[in-house]
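*Asks:* Listed below, chain by chain, are the residues.
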Amino acid sequence: MKRLAFVLLVAVIALSPLMLFAADAVPTEKDAVAASRAVKLSEKLRCLVCQNQTIADSNAELAQDLRRQIHEQIAAGRSDDEIVDYMVARYGDFVLYQPPVKPTTFLLWAGPALLLLFGFAVLARTLSTRRTQGEAPSLTAEEHERAARLLAGNNGTERS
Amino acid sequence: MSKKLLIPLAVFVVLCAFLLVGLWRDPREVPSPLIGKPAPAFTLAQLHEPAKTLGPADLKGQVWLLNVWASWCVSCREEHPLLVELGKSKVVPIVGLNYKDESAAGKRWLAQNGDPYNVSVIDRDGRVGIDWGVYGVPETFVVDKVGTIRYKQIGPITAEALEKKILPLIRELQKS
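From first to last, the protein sequence lines are chains A and B.
Final position of the first sequence in the working numbering is 161; the numbers increase by one with none missing.
Final position of the second sequence in the working numbering is 787; the numbers increase by one with none missing.
Bound-form chain B, shown alone:
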């Protein structure tokens, strides 16, 4: 076969490789520009004690998770058992952002499914969600000791993501 014919073949193979990689990528996962940036500030009322507030400033000095959830969110149920387990292990404080939800429904949902959160805060109209670049529920952020966002899980946490990415990252951040 002549060399000239190999060129289109090579181009075709490269194109196929790109398309094949593209098949396995989820277009819904939009990389967050907030990774490596300071966690956006908020002061929100707590779900169980609305008189009290909480914000990222209160959590400085420790590694923590922000999990965006809602009682109306179907795929939150998928990750919830993992979160409950993680909450029990007390490896890392988990803050729940109760996103665009009715407080009563949210509390009922936690009573039924278990409450993995140290604290849940109320984002009734989703404004804090916008500041954090949330575009779907659930989403989970890992925030380090100085308050920088280090990782964002889009969609439900899977056992694999937890074991391979989130927990190792938390351990590493806790050491520093």
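The shape of chain A in the complex, shown without the other chains:
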């Protein structure tokens, strides 16, 4: 009997950490969706303090505050677009890692494609001029003869 009590005691002690965990709120599916939305959003937004990091990566105070804002706004039922608009209204387009397509950013978006097209145009022109210049100039009969002699190992001036 004493032994059984001991085993029970050991079992209770061994399981007690599990009870501690049980006290934590188990994340529901809704929380998980909200958390992944928050992560996705904070990966799209730039931290203005350390400008080459997203607010997901940065540990600057401002990034922490902005992550808190995102969590609160998701909890308040705002859509992703509304949250992004909220950030842009305060910090400008610079806060977006992917700049929006609009007249002022046209060169940024189209620039590489335009450069590529320009490169192709230059290439095409170069190739076409090379083709017209590349044909071997025709030789006169005399020149043909001299060329044949040169190729035969004679120096072409016939001194012998």
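Hints listed in this document are in silico derivations from the structure and should not be mistaken for laboratory results.
One should not assume that every hint holds.
To be verified - Here are the simulated lysine-lysine pairs, BS3-like style, with alpha carbons at most 27 Å apart:
#1 A:Lys103 to A:Lys45
#2 A:Lys103 to B:Lys763
#3 B:Lys776 to B:Lys763
#4 A:Lys45 to B:Lys648
#5 B:Lys648 to B:Lys718
#6 A:Lys45 to B:Lys763
#7 B:Lys775 to B:Lys648
#8 A:Lys31 to A:Lys103
#9 B:Lys648 to A:Lys103
#10 A:Lys41 to A:Lys31
#11 B:Lys756 to B:Lys671
What the hints assert, rightly or not - Take a look, some chain B residues computed to stay more than 12 Å from chain A by CB distance:
#12 Leu631
#13 Val632
#14 Ser643
#15 Pro644
#16 Leu645
#17 Thr664
#18 Gly672
#19 Gln673
#20 Val685
#21 Ser700
#22 Lys711
#23 Ala715
#24 Ala716
#25 Leu721
#26 Glu783
#27 Lys786
Quick caveat: nothing in here was measured; it's all calculated off a predicted structure.
A virtual CB, placed ideally from N, CA and C, is assigned to each residue, including glycine.
Using the hints provided, position chain B relative to the given structure of chain A.
*Replies:* Using the frame of chain A, we list chain B on its own:
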């Protein structure tokens, strides 16, 4: 020299010009989208009299400055003498936004360094700062009579910025 060779040279010179201009621009200065927009509303407790509040609505009808400061902010010390002088001149009311600071530390800092502010308000957790697009301290906003943000100084106010931009703008806005 043939004309063909001039083209790459011209491209190179233009590129150099762009890069040279870029050298003198501060990438930390992100233009604020709030310029020309109404000042974001807030109602915050005053630093010296926490029972009283203040907000942009209370300042309608006058041109005013909002200066974001904190006792932990190092570069605030740089601009502080200029602000104290400006405060003494009584040209324009200055509201201090005590950003993410301990009130006791903030009050002590003002006692030591001088208090240029007509009123300082407490933004303990930086929420009003976010509404105003603050991403570093100090920052200073010029707000006109109808409550529109007209100018934002990012980083410490310099004597040059004060003389050439901020004061002329204030005078012009006060006339209208």
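*Asks:* Quick one: which hint numbers does this structure break? Sort them smallest to largest.
*Replies:* Numbers 5, 8, 14, 15, 16, 22 - these are the hints that the structure violates, sorted from lowest upward.
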